[in-house]
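2 protein chains.
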Amino acid sequence: MNTVEKRPVYLQVRDQLADKIQSGIWLANEKLPAERQLSEQFSITRVTARQALVQLEAEGLIFRSNRRGWFVTPQRINYDPSRDIGFVSYVEEQGFSARTETLSKMLIEVPDWVAEQAGIPEGTPVYEIFRRRYINERPCLIEKIYLNPKNCPGILQHSLDRSLWHLLRTEYKLDPYERHIEIYPQTLEARVADALAVNTGSTGLYIRRLCHDQNGEFLELDEEFWLHNAMKVVVSVTSNG
Amino acid sequence: MNTVEKRPVYLQVRDQLADKIQSGIWLANEKLPAERQLSEQFSITRVTARQALVQLEAEGLIFRSNRRGWFVTPQRINYDPSRDIGFVSYVEEQGFSARTETLSKMLIEVPDWVAEQAGIPEGTPVYEIFRRRYINERPCLIEKIYLNPKNCPGILQHSLDRSLWHLLRTEYKLDPYERHIEIYPQTLEARVADALAVNTGSTGLYIRRLCHDQNGEFLELDEEFWLHNAMKVVVSVTSNG
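Those protein sequences? They're chains F and V, same order as listed.
Throughout the first sequence, residue numbering follows full-length UniProt numbering, covering 1 to 241 in sequence.
Throughout the second sequence, residue numbering follows full-length UniProt numbering, covering 1 to 241 in sequence.
Any given hint could turn out to be false.
Put simply, identical chains are the same to the list, so a pair is met inside one copy or across any two.
Unchecked claim - When the alpha-carbon atoms are kept at most 20 Å apart in a straight line, the in silico SDA-like pairs for lysine to any residue are as follows:
| hint | residue 1 | residue 2 |
| --- | --- | --- |
| 1 | K173 | S239 |
| 2 | K105 | Q22 |
| 3 | K20 | Q94 |
| 4 | K144 | Q37 |
| 5 | K173 | T238 |
| 6 | K6 | H166 |
| 7 | K31 | G86 |
| 8 | K232 | T203 |
| 9 | K150 | I108 |
| 10 | K6 | A190 |
| 11 | K232 | V88 |
| 12 | K144 | T200 |
| 13 | K144 | E59 |
| 14 | K20 | D161 |
None of these hints come from the bench; they were simulated from the model.
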């Protein structure tokens, strides 16, 4: 017992809170008691309560949502970049609910960096679509999409609150032939962070996907800004050699 | 010019420093002037100099190394989890130098969580190897490896400051048949952060790779803790359908 007593108070509180999460007393997405309540319950200062919570956040067990408090982190969703399967499909496949909300959609002149990535001339018109996507009603990612209007004229008149690639395949007979995907941690800028209800400058996971068709023509560039704790990349490889 | 003047001072300083990086005046891994020098040079307070540097850090343009100061972030190395290729090969392939340093190696009883992941009985002996790996002499990742001694008896007597899988293939005729890989951002714990000369609690990119042989026998579990800005996951997929 002595060794337990020597553990700093905030870590002792951390252990008791972690127990409630790991034993399933507190479930995924459940709201934790307010910091004030925790400090009364454990007879500790607000500062110590905060330390315990920040520790649990660092371990990924809880997350904070601006203005709403602390919540138990749900299981990460698996994302396999090598599979040609959309967000709605892989989220539902894993037993979660998926929801998509279109934040804006318009025709613009292609931003320079997109032109360079996509291999299209500067100033070419492209569709730009911003969406927010939810897993079990938690906002988990913001998506910025650039589409080549040549291939899907009038698509902005459709509802985009659903699988975009389902629409592209069925209405426009498009198929991504080649997909180049890059994934890395990145700081979330103010606009994205606000839309995900987290602090500006907190870490996110960034995914960029560039799709071309069989003739090498640019189809889509998709940027996804994920909460750092909402997803994991999972790849399984079996040798043939 | 008025709009420029209205931009907060730390962002004006940020812009001038970013210019030096983006124009190539300051090169990858180059040390920035000390905060004191920057504050004198721009006639600003140390606090403002610090704000500008933290902003550049958040954008990934510079990184700090404990006790050594601020440096220009080098280009991220590309890592493709779907390829069966080791660290030394893919780093050198991209024109960088790779170095590996063994921090510890010993025979231990398998940790419970490793036993569970690997599908081996509790208490089984395994080799545990900790290594630090450098790209262009910058420490970029810490690796924790668990190996099944049945398949590679005596391996700890070899130098492990090189490609482990080259050794396993040539000396022990092993081949990973099935590789299951998981990748996600994670906070770096004290021991790992210290070994990478960054602050405890800063974000890293975590990779876990689990290898089995053709008979489903456990070969290796490898955990890699990367600096968040040293690497990007890159996958290219071409449809066959």
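Status of each hint after checking the structure:
In the homo-oligomer, the alpha carbons of K173 and S239 lie at most 20 Å apart only across protomers (15 Å), although the nearest pairing inside one protomer, at 34 Å, exceeds that limit. Taking the shortest Cα distances, K105 and Q22 never come within 20 Å of each other, neither inside one copy (42 Å) nor across copies (32 Å). With identical chains, the CA atoms of K20 and Q94 are never at most 20 Å apart, being 24 Å at best within one copy and 47 Å at best between copies. In this homomeric assembly, K144 and Q37 never come within 20 Å of each other (Cα to Cα): the closest approach is 40 Å inside a single copy and 40 Å across copies.
Taking CA atoms no more than 20 Å apart as the test, K173 paired with T238 passes between copies only; the shortest distance there is 18 Å, against 32 Å inside one copy. Taking the shortest alpha-carbon separations for K6 and H166, neither the intra-copy value of 58 Å nor the inter-copy value of 46 Å comes in at or below 20 Å. Within a single copy, K31 and G86 get their C-alpha atoms no closer than 30 Å, and across copies no closer than 43 Å, so neither meets the 20 Å cut-off. Taking the shortest Cα distances, K232 and T203 sit within 20 Å of each other both inside one copy (14 Å) and across copies (15 Å).
For the identical chains of this complex, K150 and I108 are intra-copy neighbours only, at 14 Å inside a copy versus 61 Å across copies, given an alpha-carbon limit of 20 Å. For the homomeric pair K6 and A190, the shortest alpha-carbon distance between copies (19 Å) is at most 20 Å, but the shortest distance inside one copy (41 Å) is not. Taking identical chains as interchangeable, the C-alpha atoms of K232 and V88 lie at most 20 Å apart only when both belong to the same chain, with a minimum of 16 Å there against 25 Å between chains. In this assembly of identical chains, the alpha carbons of K144 and T200 lie at most 20 Å apart only when taken from the same copy (18 Å versus 33 Å across copies).
Proximity of K144 and E59 under a CA criterion of 20 Å is satisfied inter-copy only: 18 Å between copies versus 29 Å inside one chain copy. With identical chains, the CA atoms of K20 and D161 are never at most 20 Å apart, being 37 Å at best within one copy and 43 Å at best between copies.
Checked against the numbered hints given earlier, the structure breaks hints 2, 3, 4, 6, 7, 14 and satisfies all the rest.
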